[in-house]
Amino acid sequence: MSPLIMGGARVKGITAKELAQKSAALEQALAAGNGQLDPGRSDDARSLVAKVAGRTSKAGGHTVVALAGATGSGKSSLFNALVGEDVAMVGARRPTTSRPVAAVWGEQDAGELLDWLGVQQRHRVAPDDEAELDGDLEAGDVAAADGRARREARGGEGRGPVGLVRGRVGRRREARPGRLDGLVLLDLPDFDSRVLAHREESERVLKLVDVFVWVTDPQKYADARLHDDYLKVLASYDAVTVAVLNQTDRLTPDAVGQVRSDLSRLAADDGIAQLQVLATSARTGEGVEALRMRLATAVAAQNAAQHRLAADIRASASALRADLGVNEPQLTAEVDDELVDALARAAGIPVVVNAVERDYRHQAYGRTGWPFTRWVRALRPDPMKRLRLNTRDEVEEKLAVTAGDVRTVLGRSSLPPPTPAARAAVELATRRVGADAAEGLPHRWAEAVADAATPPGPELADALDQAVVGTSLKMRPPLWWRVCGLAQLVLALLTVIGALWLAVLVVLGWLALPAVDTPRVGSVPVPLLLLVGGLVLGLGLSAAARWFAVIGARRRAERVRRRLLDAVAAVAESRIMAPVREVLTRHKTTREALDLAAV
Numbered sequence: 001m002s003p004l005i006m007g008g009a010r011v012k013g014i015t016a017k018e019l020a021q022k023s024a025a026l027e028q029a030l031a032a033g034n035g036q037l038d039p040g041r042s043d044d045a046r047s048l049v050a051k052v053a054g055r056t057s058k059a060g061g062h063t064v065v066a067l068a069g070a071t072g073s074g075k076s077s078l079f080n081a082l083v084g085e086d087v088a089m090v091g092a093r094r095p096t097t098s099r100p101v102a103a104v105w106g107e108q109d110a111g112e113l114l115d116w117l118g119v120q121q122r123h124r125v126a127p128d129d130e131a132e133l134d135g136d137l138e139a140g141d142v143a144a145a146d147g148r149a150r151r152e153a154r155g156g157e158g159r160g161p162v163g164l165v166r167g168r169v170g171r172r173r174e175a176r177p178g179r180l181d182g183l184v185l186l187d188l189p190d191f192d193s194r195v196l197a198h199r200e201e202s203e204r205v206l207k208l209v210d211v212f213v214w215v216t217d218p219q220k221y222a223d224a225r226l227h228d229d230y231l232k233v234l235a236s237y238d239a240v241t242v243a244v245l246n247q248t249d250r251l252t253p254d255a256v257g258q259v260r261s262d263l264s265r266l267a268a269d270d271g272i273a274q275l276q277v278l279a280t281s282a283r284t285g286e287g288v289e290a291l292r293m294r295l296a297t298a299v300a301a302q303n304a305a306q307h308r309l310a311a312d313i314r315a316s317a318s319a320l321r322a323d324l325g326v327n328e329p330q331l332t333a334e335v336d337d338e339l340v341d342a343l344a345r346a347a348g349i350p351v352v353v354n355a356v357e358r359d360y361r362h363q364a365y366g367r368t369g370w371p372f373t374r375w376v377r378a379l380r381p382d383p384m385k386r387l388r389l390n391t392r393d394e395v396e397e398k399l400a401v402t403a404g405d406v407r408t409v410l411g412r413s414s415l416p417p418p419t420p421a422a423r424a425a426v427e428l429a430t431r432r433v434g435a436d437a438a439e440g441l442p443h444r445w446a447e448a449v450a451d452a453a454t455p456p457g458p459e460l461a462d463a464l465d466q467a468v469v470g471t472s473l474k475m476r477p478p479l480w481w482r483v484c485g486l487a488q489l490v491l492a493l494l495t496v497i498g499a500l501w502l503a504v505l506v507v508l509g510w511l512a513l514p515a516v517d518t519p520r521v522g523s524v525p526v527p528l529l530l531l532v533g534g535l536v537l538g539l540g541l542s543a544a545a546r547w548f549a550v551i552g553a554r555r556r557a558e559r560v561r562r563r564l565l566d567a568v569a570a571v572a573e574s575r576i577m578a579p580v581r582e583v584l585t586r587h588k589t590t591r592e593a594l595d596l597a598a599v
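Everything in the sequence shown is counted per my numbering, starting at 1 for the first residue and increasing by one.
Rather than coming from a laboratory, the hints here were simulated on the basis of the structure. One thing to keep in mind: the hints can contain errors.
[Said to hold, decoys possible] Okay, derived cross-link-like pairs now, BS3-like style, lysine-lysine, Cα gap no bigger than 25 Å in a straight line:
1) 51 x 207
2) 232 x 207
3) 220 x 232
4) 17 x 207
5) 51 x 17
6) 220 x 207
7) 58 x 17
8) 51 x 232
9) 207 x 58
[Said to hold, decoys possible] DEER-style ranges, computed between Cβ atoms:
10) 203 x 570: 54 to 64 Å
11) 297 x 271: 21 to 31 Å
12) 475 x 526: 40 to 50 Å
13) 285 x 265: 22 to 32 Å
14) 293 x 322: 33 to 43 Å
15) 17 x 297: 18 to 28 Å
Just so we're clear, the structure is a prediction, and the values are computed from it rather than from any experiment. Using N, Cα and C, we set each Cβ at its ideal position, and we do this for glycine too.
Let the sequences and hints guide you as you build the complete structure.
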């Protein structure tokens, strides 16, 4: 694609594909940054995306050039000079132009484009070959053609609200260098008009055109409205901007040079360093051909629309970029220990761990204690059932979550609510996470991160409770429970045998029946040895089992604590860290998309 030369510098061309990529990047940034970008700038950017789609969908490859200027600058006269016919109204009454007027070069239909621009007054410029043919007409034919054209114009036959002036005028036009086929030239209402509707119409159309031609005159070339409201604001559009100093016939050649230099200096102060100023006189025709050649260059490049739209996208992306940080804070992959600890206390995990430890001892004493006193344990309350947490161990149970676990998850625990201190610890921890994750981000993004890091209290509390209830606390009974329990049964049996044996011997002696020879171990009768040995060894084994139960309870409590902490960490990841990371991911996506659009 040919480069565009407008403001005196050669600008690298931009393809339709590249423009589509920039527009898609801007649209992606709007979608990702929704809610955290400035609403006004976001609405403008969405309108711009729609504008890009609308402009690029118009067939014909036309280049839309707008002549804009202040009252009395002579832009309508210049418009007529470029067209070669009196199309735009020129007169002493101000404002002269109330609605945009369009002149179209070439045979391709521009109706759809002009409808999109909202321009109703349209004129089809005769091709150059027809113009040359008109130049060979006789003088009488010329006068007749001129009169016919004026009558059609006054009667509205050739030009209505939506009509095209197609009559060929008999005025002789020399063949001009550079073809303008594809040019749509607009004469806009004065941007400083006393009529508000005229100013609004001018600004509306200026948002849609491809090339700006700012027409000024020696009296108003330094006007603040031109520079502050337009040239400074549109400084990034230098590739599609031309400045025309009209009415130079009122100045001497030296004065023209001085005014042009001063206008270039003012434009440089506005941010357009390489703006070339053309000097024209619509009355004498001076400089009109140079302007025509400049417009022909823009038409030949066939990418002025892409340049204008790309400049729009860059300006919009740069404006939206102010709502973003330079980079995103880097979060660790693991959940913060302080946050997990605060959530664990709020979830009542210390209570659960303590209950698991007591439950382990309860079960251990019941299975390894002295058989003659085990029944007393059954009278004591189950510490886990009070919390509606079932951990009853059986040999056939497995570590996998069972149907009973699912039923338990569907319910709720009876854990006590978190204390005020625990709730305060959670609030502080989540605030710290939000503050760390929002470091360096603008206000709206920092608020979004803080909101993500602080989920609603009931939702977080429910998630923590379900995490505790849904965590399987079942573990296989230790092997030493079975060994010790079996040994206790054997010792209890020996104790019972010894007691019964001694009872029989006592009854036989009381009845004075013949004595039965009792075996002995040394001097100690075996029945007494069985009774005393069973009692002593059973109670001793029970004491040892208690000591092992305390150690085992601590170990099981620690394993359960780690399991519950993992469950709480999963809640922290899904309910706090994942939303925070999602906000940061949206910030990164928005930032990268805007950087791509602003290139």
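- Task: Measure nothing beyond the straight line between the CA atoms of residue 51 and residue 232; if it is 25 Å or shorter, mark the hint as holding.
- Result: Satisfied, since the Cα-Cα distance of roughly 22 Å is no more than 25 Å.
Query - Pair hint residue 17 and residue 207, alpha-carbon separation not exceeding 25 Å - result: Within the cut-off at roughly 22 Å; holds.
Holds or violated: residue 51 to residue 17, with C-alpha atoms at most 25 Å apart | holds (16 Å)
Range hint 33 to 43 Å: satisfied by the CB atoms of residue 293 and residue 322? holds (40 Å)
Check your understanding: Holds or violated: are the alpha carbons of residue 51 and residue 207 at most 25 Å from each other?
Key -> holds (9 Å)
The hint says 18 to 28 Å between residue 17 and residue 297; measuring C-beta to C-beta, is that right? Holds: the Cβ-Cβ distance is about 23 Å, inside 18 to 28 Å.
query: Falls inside 21 to 31 Å, the C-beta gap from residue 297 to residue 271?
result: holds (23 Å)
So if I understand the rule, the pair passes when the alpha-carbon distance is 25 Å or less; does residue 220 with residue 207 pass? Holds, at about 23 Å.
25 Å limit on alpha-carbon distance, applied to hinted pair residue 220 and residue 232: Judged against 25 Å, a Cα distance of about 16 Å means the pair holds.
Notebook entry, point to check: Taking only the CA atoms, is the gap from residue 232 to residue 207 under or equal to 25 Å?
Noted result: Roughly 15 Å separates the two Cα atoms, so the pair holds.
*Restraint check for residue 207 with residue 58, where alpha carbons must lie at most 25 Å apart*: holds (16 Å)
Decide if the proposed pair is consistent with the structure: residue 58 and residue 17, CA atoms, cutoff 25 Å inclusive. holds (15 Å)
Checked against the numbered hints given earlier, the structure satisfies every one of them.
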